[in-house]
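Residues per chain are reported as follows:
Number of protein chains: 2
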Amino acid sequence: MASRSIDVPRAVRWHDDALRIIDQTLLPSEYKEIDLVEVDDVIEAIQSLRVRGAPAIGIAGAIGLVASLRQYVEGTGLAFRARLAESAERIRSARPTAANLAWAVDRVTAVADEKADADNAEAWDAMRREATAILEEDREMCRRIGEHGLTLLRDGSTVLTHCNAGALATGGIGTALAPIYLAAQQGLKVRVLSGETRPLLQGSRLTAWELSRAGVDVLVLTDNAAAAAMSRFDLDLVIVGADRIAANGDVANKIGTYGLAIAARHHVIPFYVAAPSSTFDFSLAGGDDIPIEERGGDEVRGAFGRPTAPDSVPVFGAAFDVTPAELVTGFITERGILMPGEFEVLRGM
Amino acid sequence: MASRSIDVPRAVRWHDDALRIIDQTLLPSEYKEIDLVEVDDVIEAIQSLRVRGAPAIGIAGAIGLVASLRQYVEGTGLAFRARLAESAERIRSARPTAANLAWAVDRVTAVADEKADADNAEAWDAMRREATAILEEDREMCRRIGEHGLTLLRDGSTVLTHCNAGALATGGIGTALAPIYLAAQQGLKVRVLSGETRPLLQGSRLTAWELSRAGVDVLVLTDNAAAAAMSRFDLDLVIVGADRIAANGDVANKIGTYGLAIAARHHVIPFYVAAPSSTFDFSLAGGDDIPIEERGGDEVRGAFGRPTAPDSVPVFGAAFDVTPAELVTGFITERGILMPGEFEVLRGM
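Residue numbers (this note's numbering), protein chains in the order written: chain A, 1 to 349; chain B, 1001 to 1349.
Quick caveat, the hints were computed from the structure, so don't treat them as lab data. You can trust all of the hints, since none of them are fake.
Stretch by stretch, here's where chain A covers chain B in the computed footprint (C-beta under 8 Å, at least three residues):
no., segment
1, 1196-1207
2, 1215-1221
Have a look at the derived ranges for each label pair, beta carbon to beta carbon:
no., chain 1, residue 1, chain 2, residue 2, range
3, A, 345, B, 1232, 29 to 39 Å
4, A, 291, B, 1307, 28 to 38 Å
5, B, 1007, A, 90, 43 to 53 Å
6, B, 1342, A, 26, 51 to 61 Å
7, B, 1307, A, 298, 18 to 28 Å
8, B, 1029, A, 32, 29 to 39 Å
9, A, 267, B, 1233, 19 to 29 Å
10, A, 122, B, 1314, 49 to 59 Å
11, A, 93, B, 1029, 34 to 44 Å
12, B, 1234, A, 115, 45 to 55 Å
13, B, 1314, A, 298, 23 to 33 Å
14, A, 341, B, 1234, 31 to 41 Å
15, B, 1048, A, 293, 35 to 45 Å
16, B, 1233, A, 90, 26 to 36 Å
Just so we're clear, the structure is a prediction, and the values are computed from it rather than from any experiment. Every residue, glycine too, gets a C-beta built ideally from N, C-alpha and C.
Given only the sequences and the hints, what does the whole structure look like? Please build it.
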């Protein structure tokens, strides 16, 4: 089968000792990379969604934490450790819903804890290696998710996705989009329907951008057109990402995911969630326990620089919703396509 | 029970011999009324959604047609009749989905046909009276729809609606919003959740605006948050308007309506369609026969003056979808709350 190379953006990585990200708030109009070394800037970038997507903010949190500590290596051990503890706590709570952020920050701080008696430089080096490992592992997890998901696709498949669970959301080729990239690499023709994903339009701004530039056929739709699209187009499956998955398989993901899952069930279209093990939170029994971020009403009332609702009108601004496990056909993970009863294999990954 | 007056905008009416509309493309930032007497301007106003909503565009089509003919009354009968035929045909096909537009234009032309032997002035006067009657009847139908719909509400009810089927969409107090206005008038506390309705945001720009100014409690949500809102809020019912209803009860309405109906069914929330008899098209057996307008991709890619998707990316731009009758709990009409088998009472209204 013909194989072609696919070109995906690198959302988050090291640049020297700085955190380098693509400023995703500027896409698709402008492509700009920015380098961050101050903890305040790392937190601002995560909170204002310059870097977003559960795996990518985990990596950004880990690299950003380490990058921000570089300037304190020359100081006393006490000051360095105090700064580490404070910055780690601030970064890990920068956004509440994604499981990966706390998970990645905790991995980096755990390495420092193991090096409790080491000098600052040695501890910092170990943390830097751990942050790099998180990035490299994520890249590998994306590839494996892609390989498992690829088994669901055939030449001519049409896939609906929501938000952006692509390269821009990860350190690699994405989660939900990974199977699509691998299909494209193998020369399979796969068509993607991308819900625009109000309020911040990650579907039309980011997913459409990265798929188009990789040569994948993509059609944008308003979120409210998804049910009509399920009737109109010969849709094979829905694949979305996830921000946190509870032990029972309930999924927190971008607002709108739950409605898509209901509509997919109504149309008897398989509904898959693609996510690495770092997205699973076995400490939470079910979706009711997942903290859901509420964002400011202005993202809805005036996101495009023009008032789109009366100033004073209140907004339901939940950034995520919870899809019950029973609406999910399967979870595409780096360890295979799993059902809720099969999550044990992901523990302690 | 306390009764208070409610203040609703007048979307469409006569002003002297001109069609006066509120330019709804400017809301909520600016309130501006414009007067139209040229057929090209009437068509432009309908096509660019300065006036929208199935009943309102019917009225605007009727008044606009008559207003545009005023300048030809002094000419020959032949020229006047030719202009009438041409303008009527152009206006009735200005937008394809709403049943009311062709219905209202046809009523006005039928009156002229009855006056085939009359002079221009007499024919024009009769058409003007007919257009006024359409407006007055619509106002009365809104009130009756409101009274029938009011039986579904109680103090403390929460209602989800979509797009704008309010005063701005009709000659009166709206269709879907009519029961809410009457509830407010009686001092009942009713809360409205308004989906913003991409791409043109009639829900956040128009419904939130007219309800807020009438003192009704309204919460705006992105369309994709509707399913989460059904889980989160104690939602009593969904009420939407309609652009065309086929003989079997299939409903064409603003894109997103179908997804709401599916989600409402999933949550066991009653789903009502409010519409006057002029919205019913008994010549169409089912929803597959309803022409669905597709609008330009730029409304999705850059509606707010800022690119929200790559320039070249294709868009699924259906402005309406079709909700099958089996997902509709009932049709709130001026003749009562009906089920599909009971539409006979609406024929020939």
